[in-house]
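Student: The listed protein sequences correspond, in order, to chains C and X.
3 is the number of the first residue of the first sequence in my numbering; add one for each residue after it.
51 is the number of the first residue of the second sequence in my numbering; add one for each residue after it.
Worth flagging that the hints you see were computed from the coordinates, not collected in a lab.
Where hints are given, some of them may not hold.
To be verified - Within a straight-line C-alpha distance of at most 30 Å, the following computed DSS-like cross-link-like pairs (lysine-lysine) qualify:
id	chain 1	residue 1	chain 2	residue 2
1	X	K82	X	K245
2	X	K245	C	K122
3	C	K245	X	K82
4	C	K295	X	K251
5	X	K82	C	K254
6	X	K293	C	K287
7	X	K291	C	K317
8	X	K82	X	K266
9	C	K324	X	K52
10	X	K116	X	K248
11	X	K195	C	K287
12	X	K248	C	K254
13	X	K195	C	K317
14	X	K100	X	K52
15	C	K324	X	K82
16	C	K295	X	K82
17	C	K245	X	K248
18	C	K254	X	K245
19	C	K280	X	K82
20	C	K287	C	K254
To be verified - Quick look at which bits of chain C chain X covers, simulated, 3 or more residues with Cβ under 8 Å:
id	stretch
21	109-117
22	142-155
23	238-248
24	269-278
25	292-298
26	310-321
On a predicted model such as this, the values are computed, not experimentally measured, just so you know.
Backbone N, C-alpha and C define an ideal beta-carbon position, used for all residues, glycine too.
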Amino acid sequence: MSTDHEILVFAEFVQGAVADATRSAISAAAEIVRFGGGRVTLLLGTSASEAVASASRLAGVGTVIVPQETVEGVGRLSDFVSVVASDYTHLIAGSSSLARAVLPRVSASLDVMQISDVVKILDHDTFVRPIYGGSILATLQSQDSIKVITARSLSFPSCEDRPGEPAKVQVRSVPEGMARSRVIEVEVGEVGKVELATARVVVAGGAGMLGAEGFSQLGELARLLGGALGATRAAVDRGYASKDLQIGQSGKSVAPDLYLAFGISGAVQHIVGIKDAKTIVAINKDADAPIFKFSDFGMVCDAFEVLPALIASLKNRDAMRKA
Amino acid sequence: MKAIVAIKRVVDPNIEVRVTPDGMGVATANLKSTMNPYDENALEEAVRLKEQAIVTEVVAVSIGSKAAEEMLRGALAQGATRAVHVESAEPLDSLAVAKVLAAICEREDPALVLLGRQAVDDECGAVGAMLASLLNWDQGICASKIHIADRIVTVRQSADSGTVTVEMELPAVVTADFCLNTPRTPGFASIVAAKRAKVEKITAASLGKDLRPRHKIVHMEQPDAGRGGVILETVEGLLEKLKMEAGFM
Chain C
3 MSTDHEILVF AEFVQGAVAD ATRSAISAAA EIVRFGGGRV TLLLGTSASE
53 AVASASRLAG VGTVIVPQET VEGVGRLSDF VSVVASDYTH LIAGSSSLAR
103 AVLPRVSASL DVMQISDVVK ILDHDTFVRP IYGGSILATL QSQDSIKVIT
153 ARSLSFPSCE DRPGEPAKVQ VRSVPEGMAR SRVIEVEVGE VGKVELATAR
203 VVVAGGAGML GAEGFSQLGE LARLLGGALG ATRAAVDRGY ASKDLQIGQS
253 GKSVAPDLYL AFGISGAVQH IVGIKDAKTI VAINKDADAP IFKFSDFGMV
303 CDAFEVLPAL IASLKNRDAM RKA
Chain X
51 MKAIVAIKRV VDPNIEVRVT PDGMGVATAN LKSTMNPYDE NALEEAVRLK
101 EQAIVTEVVA VSIGSKAAEE MLRGALAQGA TRAVHVESAE PLDSLAVAKV
151 LAAICEREDP ALVLLGRQAV DDECGAVGAM LASLLNWDQG ICASKIHIAD
201 RIVTVRQSAD SGTVTVEMEL PAVVTADFCL NTPRTPGFAS IVAAKRAKVE
251 KITAASLGKD LRPRHKIVHM EQPDAGRGGV ILETVEGLLE KLKMEAGFM
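Construct the entire structure; sequences and hints are all you get.
Tutor: The structure is reproduced here in structure tokens:
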């Protein structure tokens, strides 16, 4: 066995609770420990007592490092993380919008190359990550002294809370620096709207939906299923759906339990964005559409023949529940 | 006010790439290439800022082999005022690219650097924030809206859920999300003019930075996305299947 690895996990919180992305990052850190031993330390950017308390209850975390005061601003936060991380062999964060802003800054100041969106860990220095929109999986070995990694949340299990004693908490001073950029507005999406990236059900349409009217039917189905609405690039380009609904290589990746594809031919750029879905169901009137090869089951027919029946069946279910 | 737009040449995202027979790389030779789509959004935004007279000069910069020059002419046709080709025979990783761009920024002294949120080939999504770090500048990441007034840039950033809008003083690095704008198609006259335009050249090695790769490729493979593909005949059959197998309805 090689030397012990000292793994620092950058923690994020959603309303005081440890973020799912962070729980996955801790599981990824635990995998590195399995390859040659080591310890997992959690680094917080906030000193809020609620966050510190929930962080110290996580399984597998030895120490929780808390800043003397909450670190404001991406630049200053990155400086703080860089100073702490310089004593570690690994820095891991979940793939999130904050990690996207902070970790490359940390990598550059430590003069190391970041390893983004890791989906599998093969050794303490060897990682698998998707490239070309997920159509290729690359295994690479990092030769940097500190491995700075973002871990894809859906690829690692969520770490549990621990029973018994909480982890010990260490307070670190924050280096001087200016918090220059200011957050002026945070918009938390529409209330009740299911986010595409984390939806359990996604109802998506392609060019075969023929227009915005078709998409409003898909939207109704998505709502009845408690899911999110998505679209292919072909549908977005034709103006049937807005750009933020785009799934695939130049849009979002989804990993729902159920993916319903209506009027989607199945271009490779779309498939790479949906391949992590548990069950894929395709409805397309062209029997030769490639989407059927990538589906668990499908039906060769016009989307507009199936949609009303599905919507009616769900409305009927809701009515029976109410009764 | 000068803006730099960093653009990368990538394989046309509409083409399905394959792993080389030795499983050590991606077979990109002879495939149609194009400007990285997110960089196209960055360039479009810079050109619009120039049209609004907020930016006076748009310098397109690309790093790579001879073929990058062709793409830079495309950027000139789209409205860039100057083009700088940083020659590098070897592909560079994000850290090396950020170092090269930082060196270019020191020479050019721009107020704003725009680039795509990530390249659609290696998908690291790291260059923008790395560059901001090396320059000790502020940053906006995954911009879906940019507004500049009185040397303050306001950036609406796409976040995990919703958006986060930040404001900062220039200079700054801003990376473009695909919903920032719809890039224009250049007209015939500007394409012809760009063919005659000068593309400035500089070699990456002459910048005196440590550009060696930090990762070694161990293996590459194509995941098999194929599934069962059971075809159902009736809507009732479909409903039944959704109920039984997927646990929905």
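Student: Next, verify each hint and record whether it holds.
Tutor: Results for each hint:
The hinted pair formed by X:K82 and X:K245 meets the criterion: a straight-line CA distance of about 19 Å does not exceed 30 Å. This hinted pair does not check out: X:K245 and C:K122 have alpha carbons roughly 46 Å apart, beyond 30 Å. For the proposed pair C:K245 and X:K82, the alpha carbon gap of about 25 Å is at most 30 Å, so the pair holds. For a cut-off of 30 Å, the pair hint linking C:K295 to X:K251 is broken: about 47 Å separates their Cα positions.
Restraint check for X:K82 and C:K254: satisfied, since their Cα atoms lie roughly 24 Å apart, inside the 30 Å limit. This hinted pair checks out: X:K293 and C:K287 have alpha carbons roughly 22 Å apart, not beyond 30 Å. Under the criterion of a C-alpha separation no larger than 30 Å, the hint pairing X:K291 with C:K317 is consistent with the structure, at around 18 Å. In summary, the hint linking X:K82 to X:K266 is supported, as the alpha carbons are separated by about 26 Å, within the 30 Å threshold.
Restraint check for C:K324 and X:K52: not satisfied, since their Cα atoms lie roughly 63 Å apart, outside the 30 Å limit. Among the hinted pairs, X:K116 with X:K248 is consistent with the structure: their alpha-carbon atoms are about 14 Å apart, no more than 30 Å. Only pairs whose Cα atoms come within 30 Å are accepted, and X:K195 paired with C:K287 is rejected, the gap being roughly 38 Å. Under the criterion of a C-alpha separation no larger than 30 Å, the hint pairing X:K248 with C:K254 is inconsistent with the structure, at around 38 Å.
Note on X:K195 and C:K317: the hinted pairing is violated, with a Cα-Cα distance of about 39 Å set against a maximum of 30 Å. A threshold of 30 Å between alpha carbons decides the hint, and for X:K100 with X:K52 the separation of about 9 Å falls inside it, so the pair holds. Taking the CA atoms of C:K324 and X:K82, the gap is near 57 Å; set against the 30 Å cutoff, the hint is violated. A threshold of 30 Å between alpha carbons decides the hint, and for C:K295 with X:K82 the separation of about 26 Å falls inside it, so the pair holds.
Distance hint between C:K245 and X:K248 is unfulfilled; the C-alpha atoms sit about 36 Å from each other, more than 30 Å. Taking the CA atoms of C:K254 and X:K245, the gap is about 36 Å. The hint is violated against a cut of 30 Å. Of the supplied pair hints, the one linking C:K280 and X:K82 is violated, its CA atoms being roughly 33 Å apart against a limit of 30 Å. For the hint pairing C:K287 with C:K254, the CA-to-CA distance comes to about 25 Å; that is within 30 Å, so the pair holds.
Counting residues of the stretch 109-117 of chain C whose beta carbon lies closer than 8 Å to any beta carbon of chain X gives 8, which meets the minimum of three for the stated coverage. Coverage of the stretch 142-155 of chain C by chain X holds in this model, with 5 residues showing a Cβ closer than 8 Å to a Cβ of that chain against a need of three. Remark: the stretch 238-248 of chain C is confirmed as covered by chain X, as 3 of its residues place a Cβ nearer than 8 Å to a Cβ of that chain, reaching the required three. Given a C-beta distance limit of less than 8 Å, the hint that chain X covers the stretch 269-278 of chain C holds, as 6 residues qualify and 3 suffice.
Check on the stretch 292-298 of chain C: 5 of its residues sit with their Cβ under 8 Å from a Cβ of chain X, so the three-residue criterion for coverage holds. Proximity of the stretch 310-321 of chain C to chain X, defined as three or more residues with a beta carbon under 8 Å from a beta carbon of that chain, is established by the 5 residues found.
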